[in-house]
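Going by the numbering used here, the residue at position 19 of the sequence shown is 19; the numbering climbs one at a time, nothing skipped.
These are computed hints drawn from the structure, not numbers from a lab. It cannot be assumed that every hint is accurate.
[Said to hold, decoys possible] Restraint-style ranges between C-beta atoms, simulated for each label pair: (1) S175 with L33: 32 to 38 angstroms; (2) A195 with E216: 18 to 24 angstroms; (3) I87 with T211: 44 to 50 angstroms; (4) L85 with P197: 25 to 31 angstroms; (5) N130 with A32: 23 to 29 angstroms.
Ideal Cβ placement from N, Cα and C applies to all residues, glycine included.
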Amino acid sequence: MTTHAVERPINWAALIETFLLGGAGAMLLTKALRGVLVFYIHPRYTILVVACGLILLLIAGVRMRGIFGRSPESIRHHYGRYMLLAIPILLGTVVPAQPLGANVLSSTTLGLNIAPSIDLLNDNNTHEWNLLQWSMALSVRGDQLDGRSADVVGFVLQDDQLERGEFFVARHVISCCTADSNGVGLPVVWSDDTALPDNTWIRVQGQIRETTINGEVRPAILATSVEVVEQPTNPYIYP
1 MTTHAVERPI NWAALIETFL LGGAGAMLLT KALRGVLVFY IHPRYTILVV
51 ACGLILLLIA GVRMRGIFGR SPESIRHHYG RYMLLAIPIL LGTVVPAQPL
101 GANVLSSTTL GLNIAPSIDL LNDNNTHEWN LLQWSMALSV RGDQLDGRSA
151 DVVGFVLQDD QLERGEFFVA RHVISCCTAD SNGVGLPVVW SDDTALPDNT
201 WIRVQGQIRE TTINGEVRPA ILATSVEVVE QPTNPYIYP
């Protein structure tokens, strides 16, 4: 007696959901392995994203078992839901990972309303401060910092209203993710009037001086050295 294998119809709902869940998990884990998750979130959340990616792969594996199940499921009413999942996966896979830069900032949006810590107020090692620390300290003790040495790393932010040889050195500050990002930065006055393009990463060394910038007296770095450097592995500052 000959027996024939019963061909089971494909459960398209299970197949699509397996690809979506597996694709989302693989995308998250790939970004973690490439070290680009810091372009989107605070590093302290990396372990949560990795765990989420692993869980998604596990769920995809479980869902895969239903691809040739006995009861195919209708996908007629799920197209919109699938598209909502597919679009971010596609964008996250196709669009190269890039950190926030000068294109989402302007000179008028630089600055944070964060009170400096007592340790920072008493710290005189200004050559070790980053742009966030300078921004906070200058807001409360700017007169005491005139003439102090500065050594900061950031990207160039140009402003059409500035004179030649003047630009901003800036960084993005994030607390949780790029959605809550803010910019901090300082004007730079440099004797070399070569125009550096926006987003050029530089190391600026010089002194903090009260200077007239665009008709306003404000602290600026009178640069003695401006050096083009590689983008830091982690381009953001965290408060």
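What are the numbers of the hints that this structure violates, sorted from low to high?
-> 1, 4
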